[in-house]
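Given only the sequences and the hints, what does the whole structure look like? Please build it.
Chains Z and W, in that order, give the protein sequences.
The opening position of the first sequence corresponds to residue 1 in my numbering, with each subsequent residue numbered one higher.
The opening position of the second sequence corresponds to residue 1001 in my numbering, with each subsequent residue numbered one higher.
Read the hints as simulated data drawn from the structure, not as lab findings.
Where hints are given, some of them may not hold.
Across the chosen pairs, the derived CB separations fall in these ranges [said to hold, decoys possible]:
1) Z:W270 / W:V1067: 29 to 37 Å
2) Z:G380 / W:P1017: 17 to 25 Å
3) W:V1067 / Z:T313: 39 to 47 Å
4) Z:V316 / W:L1064: 40 to 48 Å
5) Z:T108 / W:Q1101: 43 to 51 Å
6) W:F1102 / Z:L207: 44 to 52 Å
7) W:V1067 / Z:P123: 46 to 54 Å
8) Z:H70 / W:A1071: 37 to 45 Å
9) Z:L420 / W:P1017: 46 to 54 Å
10) Z:F340 / W:F1102: 24 to 32 Å
11) W:A1087 / Z:T108: 32 to 40 Å
12) Z:V463 / W:A1071: 45 to 53 Å
Heads up, the beta-carbon is just placed ideally off N, CA and C, and yes, glycines get one too.
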Amino acid sequence: MTAKTRKLISSALRAAMLWPHTWAGVTLGGLLMLIFFMGSLAVFASEIDRWMMPATRVGTVETVPVSLDHAVLPAVEKLAAGRTVRDWYVQLPDERRPVMALQLRTETGNAGGMATGDGQLLPPVGTLGATYFFYPLHYSLHLRAGFIGYWIVCFASVAMLAGLISGVIIHARIFKDFFTFRSWGQVRRSLLDLHNLAGVLVLPFHLMITITGIVIVLPIVLPAGVQALYGGDVRRFYDDALGNYSRPRSGIAAPLAPLDPMVAEARRLWGGGEPAVVFVYNAGDAASVVRINRALRDRISLDVQPVFFDGVTGQVLKYQRPGPVVATHRVLSGLHFAAFDHWPLRWLYFLFGLSGCVLIGTGMLYWMEKRRVAHGVKPGAGWRSVAAIACGSTSGLLIATLAMMAANRLLPAGIPSRELVEVGLFFVIWIGSAVHAAVSTRTDPPWSEQCTAVALLAAACVVLNWITTGEHPIRAVAAADWAVLGVDAVLALTAAAAWRVSRRLARRRDPELSTLAEVTDHA
Amino acid sequence: MKTAGQSGRVEGRAAPPRLRIAARVTAAVFGAYGFAWGLAAFGAELGALAGMAPAEAVTASSLLALVVLPAASLWAFAVPRITVGWAVLGGGGVLLIAASQFAGKFAGIVGP
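This is how it looks when you write it as structure tokens:
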């Protein structure tokens, strides 16, 4: 193996890979950190939602299936409040989200809300939560216009792939690293060991998650084939590939057929399974279409097996299974989504995602430590800006996230545009922590201060949840509210770990050149 | 295998380092993407000509292009002479796109 590796990977190739590996990491590390961190949070988006939306902690969902005609339609009418509804959809309750989420498009704007399984509308949640804030930040940076966010995230993801591949080439002694971690040595040496350890041990996951992330939006970011065979019409491609269906409004009013028989028919076509989302397009029109998606929790594939019905007659309009290549694409996408019901794997996705943060963060730190050797203890503006970005995208990002969660528990329910105030606070505090890092970086970024802030905020979140909702850990155990208990437990762990780190860093002396021995390693 | 690491000195004489780095970075970003674009477009046309359903051909060729993309990006840094890198990635991309256009016209003539 090693002899072959030596021939395949010459020292010149390894040297050539060093430059793109280093600079892709230094320039895109901060962005990749955001993507990996928010992606890790997104694994538990439903659980964080329960924590941030206390009104939706209504206990486990009833075993009786929700009736669309008797529970959902009245809720839609109440939300519409007399306006004419054009399209609407409902995400039905499931094990992790015991309430249903409704979205309406009316003639005078959109409306949304949550309701219990029997159709009782809940008061507005007043937050975007994890599902509508942290998760979209992960894949689109909330830059929707022209899919610009998708492009930026995918560009960084290709750089991540290139970084992983070049990292393997630079560092061909992969198997030795399973056993190499020298924490007792100098900071720089153990940083490199940690970087290599995270990179090597979790390499298959990092490769898989990065490539499948791009795969999901591939027709949007690499539309060459769509351009060639569909004249650039992505919608027509999706209609064809995923069996989607749409038709324009006719303008002739017509009543909606009962929905529950359609669900029964969809179940029959699927051969089992549960409905997850029901869409009604062109509501109240003779050309209305009902779409029923299947729940994903019993398989890997992201194929939602949509069944389309004529909204007036209730007859099936389209149910098309994807071809083998598109089915493969759905499985690859499903590997990224991890919507399947498997708690141990969910925790692994979360931890491996965070190990991606460790990989990126230690890479940036290693670069900083090494530059310090080259430039002395008072480095220049370039070093300081990387230091500020590294700090802002690690501890600063944690501070912003935790501050948003604390604000979620502190802001009064009645204030106007409450959810936007939360989001505004997230960004202001994030920018503030990056500025703080930029201003106070002398020989080191303000790690210790920011870690103290992380510890205090995380602890505050647990206490605030207790005070504002009365749900302390013991009550959560008694009520079997594992979502809230889990979020509280991770917050408490974060607080304890950040506190320990901040104390250790505060005790550490300023780095001296004598502790930073000359560059001896290959990277 | 001869790579950029060995020939840096030779190239250094030909072009200033800043320009050389810019040439490699742009080749890695735009050259590699153009090449992947050409591969996805040509592959889709070829698949359709071979009788695959259009959605299948588009998906298969795009997945293949996605695997090639990061490798092509890194190759732009490994190739000894960046002019060769640009010729292969940029020229190859243009050729593949031209070939896909031609295949599209051909399919239009013989197809349904």
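Q: Against the earlier hints, flag every one the structure doesn't satisfy and list their numbers going up.
A: 4, 6, 8, 10, 11
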